[in-house]
Amino acid sequence: MYSKEHKEYLKKIKINSFLVRFIQILIITLFIFLWQFAANHNLINTFIASSPKSIINTIVNLYQDGTLFHHIWITFYEVIISFLTGTIGGIIIATILWRFKFISKVIDPYLTILNSLPKVSLGPIIIIIAGASTNSIIIMALFISVIITIINVHQAFTSTDENKIRLLKSFKAKPYQIFFKLILPSNYQNLISTCKVNIGLVFIGVIMGEFLVSKAGVGYLIMYGSQVFNLNLVMTGIILLAIMASLMYYLITFIEKKLAK
Amino acid sequence: MDILKVKNLRKIYHAKNSEILAVDNFSLNLKKGEFVAIVGPSGCGKSTILSILCGLDKPSSGTIQIDKKLKFGYMLQGDNLFDWRTIYKNCLLGLELENKLTKENIKYVNKLLDTYGLKDFKKAYPNNLSGGMRQRVSLIRTLATKPDILFLDEPFSALDYQTRLAVSDDVYQIIKKEKKSAIMVTHDLSEAISMADRVIVMSPRPSKIKSIYEIKLTNKSTPIQNRKAKEFAYYYDKIWKDIDYHV
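Chains as they are written, first to last, in our numbering: chain A, 415 to 675; chain B, 22 to 268.
A hint or two may mislead.
[What the hints assert, rightly or not] Okay, derived cross-link-like pairs now, DSSO-like style, lysine-lysine, Cα gap no bigger than 27 Å in a straight line:
(1) A:K595 <-> B:K143
(2) A:K519 <-> B:K79
(3) B:K197 <-> A:K588
(4) A:K595 <-> B:K79
(5) B:K144 <-> B:K167
(6) A:K418 <-> A:K428
(7) B:K144 <-> A:K672
(8) A:K586 <-> B:K28
(9) A:K583 <-> B:K200
(10) A:K583 <-> B:K259
(11) A:K578 <-> B:K132
(12) B:K167 <-> A:K583
(13) B:K89 <-> B:K197
(14) A:K595 <-> B:K26
(15) B:K89 <-> A:K586
(16) A:K578 <-> B:K90
(17) A:K586 <-> B:K124
Calculated directly from the structure, the hints in this document are not laboratory data.
Here chain B stands alone, though its shape is the one from the complex (with noise of 0.2 Å):
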């Protein structure tokens, strides 16, 4: 079942001396569950569609059919903690603007802190927080309003290598174990067909949708064994070259 239908989006900016056309026929369908990454060359809109998705922006023309009981978590490129705020109060920065500080959401939260080894640091202010860390503090806040569906913008692309690669197996695992669907941007190929179940290749600017990969991999489990499947350079491959990159 398709939980978000997505027709013909187009996105038009408008400046004083020209327009630019920042999306063009964008169409895309998500299933419960589902986790598709969007990739492309930089500047190609990808991160203009999951604003209009989630509603910050609005789209020049197209439809956007969604279920009007459903709800979204934007993940921001950047954690966008506030350093003023303690972890456990970061956390609780989508119930408190939403009015929902209720015992339940509030146990609820507290369970994410502790699943996923934030426990000790709830009273700790963000300074005091690793990358991966604040990455996993900002993903909580995200689930602690309970989306349906995530959309991620380049999630990792604040962390260092090795701590990009453990927190997207973290991230990865909790979007799974929660049972969410998500919609991830990136411009990192492996870690999209690492964690997607597919692939939306966007060509440059005005950018339209160029390929779409089904990733099936054999032994698909997390994202750094996915890596190891031996189908995995033959999308890396396959992908690389829709973008058709160009020092």
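This is chain A alone, in the form it adopts within the complex (with noise of 0.2 Å):
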């Protein structure tokens, strides 16, 4: 068994993980408490504002007009598909790059270029050329992520430490078996946290895609709110896509725990 000094120890780290999840707590439900409590007594403007208590209501509103689900499925899907996309396309060319050195010194300055333009300023070209439909604003999430993953991911894969190249070259491995055998496997935080990066880019290009350009999805919500001055709609999809982004980052952080078993 452990001795006393041990015990207490144990103790005190319990204590401190409950305290911290205890104040976390404490802070949201005392933000909502101290709003809805301004909003009841008048202290803030409601119709700017909005208050807990009208967003809930707006959630069931639109629950029981049976869209709510339709809204956060619409942007769910846009997110997965260019989150997949951007991702996995991004690693294929970065691989693609890192095998052949002479592609990577010719695109480099127009990975740069295409790196520093802001991607909304390709919108209306994606919209004319795409379409005013879903398409668009999943390619312009996409542009958005691929072109960070394939800068981030290929900077990662030449990186690899250079001895551990020279011995596997030195048991004759072929240019796949290094990738397979060492420059993935050596590169997973690499790429884990560049999943991490992504959704929270991606998230951005969906939304500002369906600022631009939708007939449905959260983006939509918060756009059509804002246009019929209904800050409750505004804050409402606000709150479900804090809700859906930190479900999503923590989706990502289980499949690394699970992976990493």
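Given two chains presented individually in distinct reference frames, assemble the corresponding complex, making use of the accompanying hints.
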């Protein structure tokens, strides 16, 4: 069994993590409570700042309309599709660049330009080419995530320990073997953090796309709400987004833990 | 019988604004079962010679004659174990790459692991092993593909002094027991004298062979024992003067 000191040490850790969780919950509860309190007593303008109660009412109304999950699903669908294509496509292109240094040298300046270009500016062109549909939204989000994925992943791949590559070459390893035995597994952490960054970027792209062109989705709710001065709807959209984005983030962390086992 | 003949090897490195003559006029014949050490000041292109010999680099000129059937094993500075693989999997790396995961080969790897004190660590990850053990794993990984000639590039430089002595003793005995030939590059003179049958001293860049010593010690046995031989100091002194080290 553990010594008395060790038990105390464990107890301390437990109390500490409990305190952290407790204060976290306290902050959000207090925030919601104060918000509602201020709204009830006309300390804030509820027309602009909305209130927790009216947000919940809006959500319930949307649910009763049957449109709540429709909007969430549309946004979720766009995020997933552009996340998967952006991340996987980016990794594949980065792999090609890693394998063929000549190509990587040639397209390097173009990547830099594309990366520094604000992708929103491509919006109108994308809409004209791909039409005013979810396709343009997906393409826009894809654009935002794929360029930075290529750059980051390629950077990570090329900075793999040179000595380990030499070791594999001394066993006469072929490039695909070097890739699957060394490059991919040794950059596992990098790939995971690229995924985490991409989730954020793809959400930006999708919401931006929905602002520009959409008939449904959470971004559409926000845009529509602001146009008809229904700030409750705007706030609801933002909160739905916050929930969705953090769920996606935790999903990746969950997958990361699963894979690490 | 010479199993490896190197003649007039020359290597030039090209950079944009300069060319560097790294190795010039290097010749070497290696006999079966022989252990040759190459010493020289740092940056004299010792490692370059090894990477050319095992085909990672191309010589600028010169010839390398070798029996096509012979296999090389290359042990680099540092152990370069893959953190995400178990010790066992690390040892199988070379066999995997060469598509030789036969029952017989796997059995051989297991035997090596058992013989050299890593029996209980097969499922462990490299992070849980000491520097000396890691180095032994690295050697077993190299031996697994049954090379005839081993190229050792400062194999012990990452280790602290005590471990270094112990591991070089280990490695030496493993190499002798498995009847391998070896060429080792090192900057540690006593390591070279205590392990090698022949020591080649290189001059600073552009490095050429400065002198060659056949090491003849009375009661030659393991490296640690060899350090006690009475000729040891004599060779040490000679080679030290040849290297002509200036601070």
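Verify the proposed pairing of K578 of chain A with K90 of chain B, using a straight-line Cα cut of 27 Å. The given pair, whose Cα atoms are some 26 Å apart, holds under the 27 Å limit.
Hey, K595 of chain A versus K26 of chain B, does the alpha-carbon distance stay inside 27 Å? The given pair, whose Cα atoms are some 34 Å apart, is violated under the 27 Å limit.
Tell me if the straight-line CA distance from K197 of chain B to K588 of chain A falls inside 27 Å. Outside the cut-off at roughly 31 Å; violated.
Verify the proposed pairing of K144 of chain B with K672 of chain A, using a straight-line Cα cut of 27 Å. With a Cα-Cα distance of about 20 Å, the restraint between K144 of chain B and K672 of chain A holds, given a limit of 27 Å.
Take the C-alpha atoms of K418 of chain A and K428 of chain A, compute the straight-line distance between them, and say whether it is at most 27 Å. holds (15 Å)
Would the pair K578 of chain A and K132 of chain B pass a check requiring their Cα atoms to be no farther apart than 27 Å? At roughly 25 Å apart (the allowed maximum being 27 Å), K132 of chain B and K578 of chain A satisfy the hint.
Hinted pair K595 of chain A and K143 of chain B, Cα distance within 27 Å: holds (19 Å)
Check whether the Cα positions of K89 of chain B and K197 of chain B lie no farther apart than 27 Å. Distance ~23 Å between K89 of chain B and K197 of chain B Cα, so the pair holds.
For the pair supplied as a hint, K583 of chain A and K259 of chain B, is the alpha-carbon distance within the 27 Å limit? Answer violated: K583 of chain A to K259 of chain B is near 37 Å, above 27 Å.
Can the restraint linking K586 of chain A and K28 of chain B be considered satisfied, given a maximum Cα separation of 27 Å? holds (24 Å)
Taken at face value, is the distance from the CA of K79 of chain B to the CA of K519 of chain A at most 27 Å? With Cα atoms ~24 Å apart, K519 of chain A and K79 of chain B stay inside 27 Å; holds.
Hint check: K89 of chain B vs K586 of chain A, CA-CA at most 27 Å. Holds or violated? Holds: K89 of chain B and K586 of chain A sit about 15 Å apart, inside 27 Å.
When held up to the earlier numbered hints, the structure conflicts with 3, 10 and 14 and fits the remainder.
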